[in-house]
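Please take these sequences and the hints and turn them into a complete structure.
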Amino acid sequence: MGKAKAITATARKLAVLVYRVLSGDLVYNDPGATAYHQLNRARELKSLRQRAKLLGFVLVNQSTGEVLLHPVS
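Position 69 (the sequence shown) corresponds to 69 in the working numbering; numbering is contiguous.
Watch out, some of these pointers could steer you wrong.
[What the hints assert, rightly or not] Calculated cross-link-like contacts (lysine to any residue; reagent style SDA-like; alpha-carbon spacing at most 20 angstroms):
(1) LYS3 x LYS13
(2) LYS3 x ALA15
(3) LYS13 x LEU26
(4) LYS46 x ASN61
(5) LYS46 x THR64
(6) LYS5 x VAL16
(7) LYS53 x GLY65
(8) LYS13 x GLY24
(9) LYS46 x VAL60
(10) LYS53 x ARG43
(11) LYS13 x TYR36
(12) LYS5 x VAL21
[Stated by the list, open to error] Estimated spans, in silico, between C-beta atoms of each pair:
(13) PRO31 x LEU59: 23 to 29 angstroms
(14) VAL18 x THR64: 44 to 50 angstroms
(15) LEU22 x PHE57: 47 to 53 angstroms
(16) LEU55 x LEU26: 43 to 49 angstroms
Simulated from the structure, these hints should not be mistaken for lab results. Glycine residues also receive a C-beta, built at the ideal position from the N, C-alpha and C atoms.
Structure below.
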């Protein structure tokens with residue numbers, strides 16, 4: 001596509017979003033900090049599971065004793 005076309009497409013997409021917000025067609029709804037923290041925690045847990053699997057470790061929830069990742073046999 002090329003760098004110039006990509007920049008033009010991105011600028012157009014942003015311009016359309018700004019226009020829709022200013023004209024009242026689109027209402028921004030902030031999910032809040034709690035939603036961000038939950039999403040970030042899920043992302044970190046997924047990353048930890050992958051790293052533990054690569055290293056041959058088992059993840060265990062300390063409060064419940066539940067095994068979060070079974071070892072590879």
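Right, here's what the structure says about each hint:
Of the supplied pair hints, the one linking LYS3 and LYS13 holds, its CA atoms being roughly 15 angstroms apart against a limit of 20 angstroms. Between LYS3 and ALA15 the CA atoms are separated by roughly 18 angstroms; this keeps the pair inside 20 angstroms, and the hint holds. Pair hint LYS13 plus LEU26 holds up; C-alpha atoms about 14 angstroms apart against a cutoff of 20 angstroms. Proposed proximity of LYS46 and ASN61 is supported: the alpha carbons are some 14 angstroms apart, at most 20 angstroms.
Taken as a hint, the LYS46 and THR64 pair is honoured in the structure, with Cα atoms around 18 angstroms apart against an allowance of 20 angstroms. With a C-alpha separation of about 16 angstroms, the suggested pair LYS5 and VAL16 falls inside the 20 angstroms cut-off, and the hint holds. Among the hinted pairs, LYS53 with GLY65 is consistent with the structure: their alpha-carbon atoms are about 18 angstroms apart, no more than 20 angstroms. Distance hint between LYS13 and GLY24 is fulfilled; the C-alpha atoms sit about 17 angstroms from each other, no more than 20 angstroms.
A distance of roughly 14 angstroms separates the Cα atoms of LYS46 and VAL60; the hinted pair therefore holds under the 20 angstroms criterion. The suggested pairing of LYS53 with ARG43 holds, with an alpha-carbon distance near 16 angstroms, which does not exceed 20 angstroms. At most 20 angstroms may separate the alpha-carbon atoms for a hinted pair to count; LYS13 and TYR36 exceed this at roughly 24 angstroms. Between LYS5 and VAL21 the alpha-carbon distance is near 24 angstroms, which puts this suggested pair outside the 20 angstroms criterion.
A hinted range of 23 to 29 angstroms holds for the C-beta pair PRO31 and LEU59, which are about 28 angstroms apart. Here the CB-CB span from VAL18 to THR64 is close to 47 angstroms, well matched to the stated 44 to 50 angstroms. LEU22 and PHE57 have their C-beta atoms about 52 angstroms apart, which keeps the hinted 47 to 53 angstroms range intact. With their beta carbons about 45 angstroms apart, LEU55 and LEU26 fall inside the hinted range of 43 to 49 angstroms.
Of the hints listed earlier, those the structure fails to meet are numbers 11, 12, in rising order.
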